[in-house]
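*Asks:* Keeping their order, the protein sequence lines are chains H and W. If you count the first sequence from 1, position 38 lands on 38 in UniProt numbering, and the numbers rise without skipping. If you count the second sequence from 1, position 325 lands on 325 in UniProt numbering, and the numbers rise without skipping.
Hints listed in this document are in silico derivations from the structure and should not be mistaken for laboratory results. Any given hint could be a false lead.
Said to hold, decoys possible - Chain H regions said to be covered by chain W (calculated; three or more residues, Cβ under 8 Å):
#1 7-17
#2 62-68
To be verified - Not the full set, but computed from the structure, chain W residues with beta-carbon under 8 Å of chain H:
#3 D126
#4 C128
#5 C129
#6 G132
#7 C150
#8 Q153
#9 S172
#10 D173
#11 N413
Said to hold, decoys possible - When the alpha-carbon atoms are kept at most 30 Å apart in a straight line, the in silico DSS-like pairs for lysine-lysine are as follows:
#12 W:K119 to W:K160
#13 H:K69 to W:K160
#14 H:K6 to W:K40
#15 H:K14 to W:K119
#16 H:K6 to W:K116
#17 W:K185 to H:K66
#18 W:K270 to W:K352
#19 W:K40 to H:K66
#20 H:K6 to W:K119
#21 H:K69 to W:K148
#22 W:K160 to H:K66
#23 W:K119 to H:K66
#24 W:K160 to H:K6
#25 H:K66 to W:K116
#26 W:K292 to W:K40
#27 W:K148 to H:K6
Backbone N, C-alpha and C fix where the C-beta goes; we use that ideal spot for every residue, glycine too.
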Amino acid sequence: MSTPAKRRLMRDFKRLQTDPPAGVSGAPCQDNVLLWNAVIFGPEDTPFEDGTFKLTLQFEEAYPTKPPKVQFVSKMFHPNVYSNGNLCLDILQNRWSPSYDVAAILTSIQSLLHDPNPSSPANVEAARLFKENRKEYDRRVKETVELSWLN
Amino acid sequence: MSDIDFDDDDDDFLYDDEDDFIDDDELDFTEIIQEKQEKKKYEVEYKVYSIQEIEDFQNKEIEHVANIIGCLKEHAATLLRHFKWNKERLIELYMDKTEEVTKEAGVIVDAQKLPKLIKLHDFCCDICCDSGEDVESIALSCNHRFCKDCYTQYLTQKIKIEGECRNIQCPSDCCNIIVDENTIKLLVPEDTYNRYTSLLIRTYVDDNIFLHWCPAPNCEYAVECRIHDSDLNRMVPTVKCKCSHTFCFGCGLPDHQPCICSLVTKWLNKCRDDSETANWISVNTKECPKCKASIEKNGGCNHMTCKKCKNEFCWVCMGPWSEHGNQWYTCNRFEEKTSVDARDSQSKSRAKLERYLHYYNRYANHEQSAKLDTELFEKTERKMEKMQKSSELSWIEVQFLKEAVETVVQCRNTLKWTYSFAFYLQKDNQTTLFEDNQRDLEMAVEQLSELLEEEIKPNKIAELKQKVVDKSIYVKHRREILLEDTAEGLKESRWTFIDP
Numbered sequence: 001m002s003t004p005a006k007r008r009l010m011r012d013f014k015r016l017q018t019d020p021p022a023g024v025s026g027a028p029c030q031d032n033v034l035l036w037n038a039v040i041f042g043p044e045d046t047p048f049e050d051g052t053f054k055l056t057l058q059f060e061e062a063y064p065t066k067p068p069k070v071q072f073v074s075k076m077f078h079p080n081v082y083s084n085g086n087l088c089l090d091i092l093q094n095r096w097s098p099s100y101d102v103a104a105i106l107t108s109i110q111s112l113l114h115d116p117n118p119s120s121p122a123n124v125e126a127a128r129l130f131k132e133n134r135k136e137y138d139r140r141v142k143e144t145v146e147l148s149w150l151n
Numbered sequence: 001m002s003d004i005d006f007d008d009d010d011d012d013f014l015y016d017d018e019d020d021f022i023d024d025d026e027l028d029f030t031e032i033i034q035e036k037q038e039k040k041k042y043e044v045e046y047k048v049y050s051i052q053e054i055e056d057f058q059n060k061e062i063e064h065v066a067n068i069i070g071c072l073k074e075h076a077a078t079l080l081r082h083f084k085w086n087k088e089r090l091i092e093l094y095m096d097k098t099e100e101v102t103k104e105a106g107v108i109v110d111a112q113k114l115p116k117l118i119k120l121h122d123f124c125c126d127i128c129c130d131s132g133e134d135v136e137s138i139a140l141s142c143n144h145r146f147c148k149d150c151y152t153q154y155l156t157q158k159i160k161i162e163g164e165c166r167n168i169q170c171p172s173d174c175c176n177i178i179v180d181e182n183t184i185k186l187l188v189p190e191d192t193y194n195r196y197t198s199l200l201i202r203t204y205v206d207d208n209i210f211l212h213w214c215p216a217p218n219c220e221y222a223v224e225c226r227i228h229d230s231d232l233n234r235m236v237p238t239v240k241c242k243c244s245h246t247f248c249f250g251c252g253l254p255d256h257q258p259c260i261c262s263l264v265t266k267w268l269n270k271c272r273d274d275s276e277t278a279n280w281i282s283v284n285t286k287e288c289p290k291c292k293a294s295i296e297k298n299g300g301c302n303h304m305t306c307k308k309c310k311n312e313f314c315w316v317c318m319g320p321w322s323e324h325g326n327q328w329y330t331c332n333r334f335e336e337k338t339s340v341d342a343r344d345s346q347s348k349s350r351a352k353l354e355r356y357l358h359y360y361n362r363y364a365n366h367e368q369s370a371k372l373d374t375e376l377f378e379k380t381e382r383k384m385e386k387m388q389k390s391s392e393l394s395w396i397e398v399q400f401l402k403e404a405v406e407t408v409v410q411c412r413n414t415l416k417w418t419y420s421f422a423f424y425l426q427k428d429n430q431t432t433l434f435e436d437n438q439r440d441l442e443m444a445v446e447q448l449s450e451l452l453e454e455e456i457k458p459n460k461i462a463e464l465k466q467k468v469v470d471k472s473i474y475v476k477h478r479r480e481i482l483l484e485d486t487a488e489g490l491k492e493s494r495w496t497f498i499d500p
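Next comes chain H alone, as it looks inside the complex (with noise of 0.2 Å):
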C-alpha cells in the first residue's frame, strides 16, 4: 500500500540510488520501507578511515514531517553518540526540516564523525579524550574501527 511516507521513502531510495554521495549507502529492508539499513564508511583522514558502521533508520508515518529515528548498531566511540547508539544531531531533533532526504541524513552523519561537537556530549569520556587526549582518543575509535569490520 502506498502512503506518503512510502512513496517518498521509495523516492530517496531512487536518488540514493542513481546519484550516491560518497562513502554512505542504504536501503530499505525487503519487508519494512520504513525501515532501512544503511553504512558509513569512515571518512578518509580520520581516525574513523577504514570503518564500516551500520546503522538504522526508523521512519514513522509522518515523514517527512517528523525525522527518522536513527541509531548506530556497531560499537561506536564518539562524542555525540550515546552507549546505545542514539545520536545526538540537531538536523535529526530541532533542526530537522521536510525537505532532508535520507542522503542527506548519511552525509550529515558522516560529517559529524569528521566534526564531533565536544560541547554537547553524549559520551563524556570520548568528549573529554577528544578534548584533552587526542592519542588517545584516536587510539580508541581505532578499536571501534577493527570492531566494525567483524559480523
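Given the coordinates of chain H, assemble chain W onto it according to the supplied hints.
*Replies:* Okay, now just chain W, sitting in the frame of chain H:
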C-alpha cells in the same frame, strides 16, 4: 463595608445600603469616598488587558510600522516580532541596514504580493514527490515550492505539536524565511489557526517585561505594570485582575503584602522543610555541643557519644565528659566553664528555633483561620437560605456577611505575611511601631471574626449588621495604616532585614 480597595461596579449599591444604618457619621463617610479615589502608598498603577485589547494594540503597531517602511502588514508583523515589539529600534536599524535586518528576521520586504495556491504543470513536490497538473502548490517569497498537503502537514506539526508560532520557517532546509500569518490562515484548518494566533499573543505578553498573564486558572487577562525587577526590594506591586484574583506582579504568587518577594521565597522555602519537624526537634532533642547535630536521648546513661562527630559529653550539663572523671551516673559539675559555654550556645540556637516557631505558628494560624472563616460563611449562607423560607429575611439582607468575610480573609492574609516580614526584621524602634500596627489590626480582625460567629436571629439582624459593618470599616482602616507604613518604610529603606 465601604469596600475601599475594590473597584467593583456595585459600589453604589453598597453605599446606598449603608446609608440606612450610618446616618450619624455621614461626614466620615464622604471622607472615605474621597480617600478611595487617591492612590494609596502601597498601591501601584497597573492596567488589565483582555486578549482582544492586546490583539488590537498589536494590529495598530503593525499597521504603523507597515506604513513607515512601506511593506505588507504581514512582513511588518514578522519584523516586529523579531524585534520583540521594540518599534523604535526596529525602525532605526531598518533604516540603517535594511538588508541585514530583513535577512536576520527572515523577511523579503520587496515582495508586494502574498503567497497564493496555484497549479503548475511541471511541478514536483520535494517533500512527497507528488506531481501532476492538479496538484496545488505554494511558495513563500524565497520560491521554495511545496504541495499544499505537505505544507499543511508541516505547519500543523509545527503549531500543534511543537507549539511554534513566530519562528515557523520555510520547510526547505537552510531557508530562514518566516511563514506569514496569511499563508498559515490559507493552509491550516480553523482550530489550528486559532491555536496559532493564541500562541502569537502569548509570545507578545511573554516578550514584554511589563506584561504578565494573570496566574489564576483559566483566566485570560494580562496585567501591565511598569515595575522593574530591581524595584522589588522596595515595594510589593500587588495587582488585581478583572477575574478578581489578587496577585503580586513581581513573583506571580498570591497577594503577599507587606512582605517583599525575596523574603517570601525565603520564607516559603524555610517553612516547606522546617515547621513541623522543627517543632518536634525543639521539644524532644538537644544539640551536640560540638557539631550541633540534634540528638534524642532514648535510653541509657548520661554519658553521650555523638554518632556524628564522636564528641563525648554529659547529657545533663552538656559539658565534655572528660571533665567528669569517674562520677559516671551523676553530674555535679554544673559550674564548669566549658559546660556553661556549651549550654549557652545551645540555648542560643534553641532561642533561634523558638523565634522561628513563634512567627511560623502565627503565620500558619492566620492561614488556617482564613479557611475557617470562609467555611463559616458557607455554613451561614446555607442557614440563611433555610431561614429565608421560614421568616421574612431575604438573601440580600445577609450579603453584608459576605463582604465582612471577604474583609476578614483579606486582612488575615495581610497579617499572615506580616509575621513572615517580622521574622526577617531587625529589632529596633521602627519594628516596635510595626508590631503595634500589627497588634491593632490583629485585635480588630479577631473581634470582627468573633462577630461573624454570632448566632443569627431574625429580630436582631439589623443590630448585628450595624456592628459588623462598623467593625469592617475599622478593620480595613487598620490594614491600610499598616500597609501604608510598611510601604513607606520600604520606599525609604527604613527597614533593616536580617538573616536569622
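*Asks:* Take the hints in turn and mark each one as holding or not.
*Replies:* Verification of the supplied hints:
1. 7-17: holds (count 3)
2. 62-68: Our answer is that it holds, as 4 residues pass the Cβ test (under 8 Å) against chain W, meeting three.
3. D126: 5 Å, holds
4. C128: 5 Å, holds
5. C129: Cβ of C129 of chain W sits 4 Å from chain H, so the hint holds.
6. G132: G132 of chain W check fails; min Cβ-Cβ to chain H is 13 Å, beyond 8 Å.
7. C150: At 7 Å from the nearest chain H Cβ, C150 of chain W passes the 8 Å test, so the hint holds.
8. Q153: 5 Å, holds
9. S172: 5 Å, holds
10. D173: 4 Å, holds
11. N413: 44 Å, violated
12. W:K119 to W:K160: 27 Å, holds
13. H:K69 to W:K160: 21 Å, holds
14. H:K6 to W:K40: Violated - the C-alpha atoms of K40 of chain W and K6 of chain H are around 69 Å apart, more than 30 Å.
15. H:K14 to W:K119: 26 Å, holds
16. H:K6 to W:K116: 28 Å, holds
17. W:K185 to H:K66: 22 Å, holds
18. W:K270 to W:K352: 13 Å, holds
19. W:K40 to H:K66: Not OK: K40 of chain W and K66 of chain H at ~56 Å, beyond 30 Å, violated.
20. H:K6 to W:K119: 24 Å, holds
21. H:K69 to W:K148: 26 Å, holds
22. W:K160 to H:K66: 13 Å, holds
23. W:K119 to H:K66: Given pair K119 of chain W, K66 of chain H holds - Cα atoms ~26 Å apart, limit 30 Å.
24. W:K160 to H:K6: Since the Cα atoms of K160 of chain W and K6 of chain H sit roughly 24 Å apart, the hinted pair holds (cutoff 30 Å).
25. H:K66 to W:K116: 25 Å, holds
26. W:K292 to W:K40: With Cα atoms ~47 Å apart, K292 of chain W and K40 of chain W exceed 30 Å; violated.
27. W:K148 to H:K6: 18 Å, holds
Of the hints listed earlier, those the structure fails to meet are numbers 6, 11, 14, 19 and 26, in rising order.
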